[in-house]
Amino acid sequence: MSLAAKIKEVLICLRAGRVTLPYPFEPATVPKAFRGRPIFDVERCVGCAGCANNCPAREILVEDVCQEVRILKYLGRRCTYCGRCADLCPENAITMSNEFETATDEISDVGQTLELFMGTCQRCGRCFTSPTPLEELKLKGYRIDDLMNERWVFRSKPFLNEEKTVDDIDIELD
Amino acid sequence: MFILHLLNRLQERFGDGISRVDMTSDERLYLYVKPAVLRNVCVFLFDTMSARYAVGIGADDTPYSGKYQVAHNFAFDGKNLFCSVITYVDGTAPEVDSISDRIPAANWSEREFYDLVGVRAAGHPFPKRLILPDGWPDGEHPLRKDVPWNHVPENFHSGREYEFERLPEGCVAVPFGPFHPTLDEPAHFRLYVEGERIAGCEYRGFMAHRGIEKLAESVLTYNEIPMMAERICGICGCVHNVAYAQAVEEAAALSPTKRAEYIRTIMLEVERLHSHLLWVGLACHIAGFDTLFMQSFRIREPVMRIAEKITGNRKTYALCVIGGVRWNLDEDACTGLRRVIDNLEDEWRGVVAAVSKDKNIQRRTRDVGVASPGLVKRMGLLGPVARASGICIDARRDHPYAAYDEVEFDVIVRESCDVWARILVRALEVFESIRIIRQCLSKMPDGPIAAEITDELPSARTGISSVEAPRGEAHHFVITGEDNKPRRWRVRAPTYQNLQGIPYMIKDQTLSDMTLTLGSIDPCFSCTDRVETIDIRSCSHRVYSGRELESLVRRKDK
Ligand code: SF4
Ligand code: SF4
Numbered sequence: 631m632s633l634a635a636k637i638k639e640v641l642i643c644l645r646a647g648r649v650t651l652p653y654p655f656e657p658a659t660v661p662k663a664f665r666g667r668p669i670f671d672v673e674r675c676v677g678c679a680g681c682a683n684n685c686p687a688r689e690i691l692v693e694d695v696c697q698e699v700r701i702l703k704y705l706g707r708r709c710t711y712c713g714r715c716a717d718l719c720p721e722n723a724i725t726m727s728n729e730f731e732t733a734t735d736e737i738s739d740v741g742q743t744l745e746l747f748m749g750t751c752q753r754c755g756r757c758f759t760s761p762t763p764l765e766e767l768k769l770k771g772y773r774i775d776d777l778m779n780e781r782w783v784f785r786s787k788p789f790l791n792e793e794k795t796v797d798d799i800d801i802e803l804d
Numbered sequence: 059m060f061i062l063h064l065l066n067r068l069q070e071r072f073g074d075g076i077s078r079v080d081m082t083s084d085e086r087l088y089l090y091v092k093p094a095v096l097r098n099v100c101v102f103l104f105d106t107m108s109a110r111y112a113v114g115i116g117a118d119d120t121p122y123s124g125k126y127q128v129a130h131n132f133a134f135d136g137k138n139l140f141c142s143v144i145t146y147v148d149g150t151a152p153e154v155d156s157i158s159d160r161i162p163a164a165n166w167s168e169r170e171f172y173d174l175v176g177v178r179a180a181g182h183p184f185p186k187r188l189i190l191p192d193g194w195p196d197g198e199h200p201l202r203k204d205v206p207w208n209h210v211p212e213n214f215h216s217g218r219e220y221e222f223e224r225l226p227e228g229c230v231a232v233p234f235g236p237f238h239p240t241l242d243e244p245a246h247f248r249l250y251v252e253g254e255r256i257a258g259c260e261y262r263g264f265m266a267h268r269g270i271e272k273l274a275e276s277v278l279t280y281n282e283i284p285m286m287a288e289r290i291c292g293i294c295g296c297v298h299n300v301a302y303a304q305a306v307e308e309a310a311a312l313s314p315t316k317r318a319e320y321i322r323t324i325m326l327e328v329e330r331l332h333s334h335l336l337w338v339g340l341a342c343h344i345a346g347f348d349t350l351f352m353q354s355f356r357i358r359e360p361v362m363r364i365a366e367k368i369t370g371n372r373k374t375y376a377l378c379v380i381g382g383v384r385w386n387l388d389e390d391a392c393t394g395l396r397r398v399i400d401n402l403e404d405e406w407r408g409v410v411a412a413v414s415k416d417k418n419i420q421r422r423t424r425d426v427g428v429a430s431p432g433l434v435k436r437m438g439l440l441g442p443v444a445r446a447s448g449i450c451i452d453a454r455r456d457h458p459y460a461a462y463d464e465v466e467f468d469v470i471v472r473e474s475c476d477v478w479a480r481i482l483v484r485a486l487e488v489f490e491s492i493r494i495i496r497q498c499l500s501k502m503p504d505g506p507i508a509a510e511i512t513d514e515l516p517s518a519r520t521g522i523s524s525v526e527a528p529r530g531e532a533h534h535f536v537i538t539g540e541d542n543k544p545r546r547w548r549v550r551a552p553t554y555q556n557l558q559g560i561p562y563m564i565k566d567q568t569l570s571d572m573t574l575t576l577g578s579i580d581p582c583f584s585c586t587d588r589v590e591t592i593d594i595r596s597c598s599h600r601v602y603s604g605r606e607l608e609s610l611v612r613r614k615d616k
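Chains as they are written, first to last, in my numbering: chain A, 631 to 804; chain B, 59 to 616.
Any given hint might turn out to be false.
[Claimed, not checked] Which stretches of chain B does chain A cover? Using the computed rule of at least three CB atoms under 8 Å from a CB of chain A, they are:
1) 285-295
2) 341-353
3) 415-429
These are calculated hints, taken from the structure and not from any lab test. Even glycine gets a Cβ: it sits at the ideal position worked out from N, Cα and C.
Sequences and hints are given; from them, build the entire structure.
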């Protein structure tokens with residue numbers, strides 16, 4: 631009886647033939663819905679900070695450098711490619727691309743920094759009426775975006791210290 | 059009705075001991091009891107009412123009530139009921155009576171809530187540190203609300219060594235893990251061996267802590283947590299994703315749309331298919347039968363592809379948000395999925411027919427890793443391990459969620475209690491999953507895939523959800539909170555219970571059966587280790603250092 635089982639097993643293997651794909655010698659294709667590295671379109675982004683407010687990995691930082699310029703920085707290192715940012719962007723400025731071969735020794739290769747010129751209201755001089763989405767984000771009491779050190783810090787902290795803290799694992803290669 | 063009958067019996071017996079009762083539905087009973095009767099109520103439920111112990115939870119409620127909260131959850135599987143026994147304790151050194159001597163399944167839960175929340179289980183038979191790293195200072199409990207999520211204790215004793223228990227007379231210690239060829243993740247078993255026979259063991263795990271529960275309670279918001287929840291496990295991620303969403307929905311009294319429920323069911327079953335095929339492959343690999351290992355993985359590949367096509371990723375589906383799902387199944391995807399499961403059914407039938415008659419693999423796995431029905435009950439073992447020991451439990455049927463109450467399927471049970479039975483149970487469950495997916499595809503209603511939620515979720519509500527993962531029931535407990543995030547989210551992965559059964563399953567077996575037995579529960583250490591906040595650097599340094607491995611090896615030659 632066991633011999634019959636063995637023969638059956640051999641047949642299963644033989645019938646399957648060779649299934650290994652020639653990747654990486656030939657590129658692998660991905661389906662249409664694939665969620666790869668998010669790409670931000672600076673032309674479309676209105677700087678609402680909705681993506682930053684909803685990113686589970688806290689990969690998107692926003693800071694106003696002056697009244698009219700807002701910096702949006704996507705770090706790209708802990709990004710889980712969940713696609714929440716793309717879901718929520720009101721302007722469809724984020725596309726989940728086909729890129730999955732993102733291994734790099736230079737972390738900035740996968741990041742993206744957007745410099746956004748914010749149109750202001752002719753009457754009041756502000757881009758949004760108060761509280762702006764960005765202010766709301768910070769009012770919640772959990773974050774101050776620290777672009778220089780690429781991290782976000784709890785608002786409840788009295789001051790920001792200069793060195794990078796345990797907020798982030800430093801994965802950059804030196 | 060059973061829930062009323064149960065309540066009557068409890069009130070007869072404990073009267074004033076029960077201070078409040080919440081019946082949120084016919085399936086959930088929240089009993090708030092005085093600390094003095096906690097132990098007796100639990101023992102009564104477990105022994106007299108034959109409940110299954112699900113999990114113990116500790117929570118820091120001090121910002122709201124000034125007290126700490128302890129809950130023990132019990133499941134009545136035949137009656138579709140979860141009963142949570144909750145008590146509040148206060149003081150600087152809060153304590154509850156331990157129940158582990160009578161309910162051994164509570165052993166880890168009680169040690170866990172001491173480590174993390176600082177509520178001591180007085181009279182615990184083995185109150186050793188379970189979760190925190192060895193150097194973590196005593197008296198600091200990371201899940202307390204006054205501890206920030208990124209807290210690094212100042213007086214971390216990086217030199218403190220773990221103290222193993224004394225070796226039994228006449229035994230040598232053989233270290234198994236932290237890194238072992240058959241384990242994909244770190245866990246350490248110190249086996250006490252007498253000749254070839256295993257006389258006992260000490261488990262030391264929780265080396266893959268990532269602080270997920272703390273992050274959820276302090277940093278993330280309701281709709282961000284599902285994306286992290288699915289990273290609890292690399293294989294049954296969708297289970298945690300769905301279980302979390304359901305627990306919050308239950309707490310907030312929301313219901314997902316019908317179509318969303320069907321999509322959840324389909325994706326959960328797709329996940330079970332890939333997980334079972336993977337496991338059967340790995341089990342054969344451990345047993346030295348690599349042919350089937352290769353074939354299982356080949357047969358599994360289309361399942362991964364179709365998941366990628368539907369959700370955008372092979373494994374992390376990022377499926378749920380509160381109130382629904384994110385990906386719809388269009389006509390194209392449905393046809394694709396139908397084709398995949400049709401092929402899979404054919405191929406798998408051939409494999410099962412061959413393997414179930416294969417004498418070699420039977421000889422290797424029969425009477426190995428025996429878990430008696432008594433052990434299953436005592437340690438609260440779950441899933442295929444329980445079903446292979448003749449205990450017919452399955453959360454899909456016993457506590458139906460999503461669309462499982464609208465489909466028909468059989469719960470596969472085998473009686474021989476060994477690894478062979480576990481292989482059979484999993485191999486046959488593949489066909490049931492295919493059946494479920496087929497029914498869902500034909501019954502799935504049209505409509506929106508996510509409910510519109512306009513109000514803020516209410517705070518201080520409690521929700522329990524239980525999802526049958528490929529390895530057994532995953533149990534989530536949520537207390538909702540302010541600021542769009544939960545106050546407490548407790549995850550109990552199936553391996554958390556199953557692993558506690560391992561010392562009994564390997565006892566008196568030969569050393570060579572250890573890998574197979576451990577493999578047979580399909581252990582998932584990351585799931586089990588999901589909680590904790592630790593300094594990542596110092597912990598990994600401590601735990602994985604070559605010096606320590608070396609010293610373990612040396613200890614072996616002594
Ligand atoms: S894909 Fe997810 S993790 Fe990545 S930036 Fe967008 S929201 Fe954040
Ligand atoms: S959500 Fe879209 S528009 Fe708003 S900041 Fe992000 S990318 Fe820009």
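To see whether the hints hold, each was checked on the structure:
no.: 1; hint: 285-295; verdict: holds (count 3)
no.: 2; hint: 341-353; verdict: holds (count 4)
no.: 3; hint: 415-429; verdict: holds (count 4)
Of the numbered hints given earlier, the model fails none.
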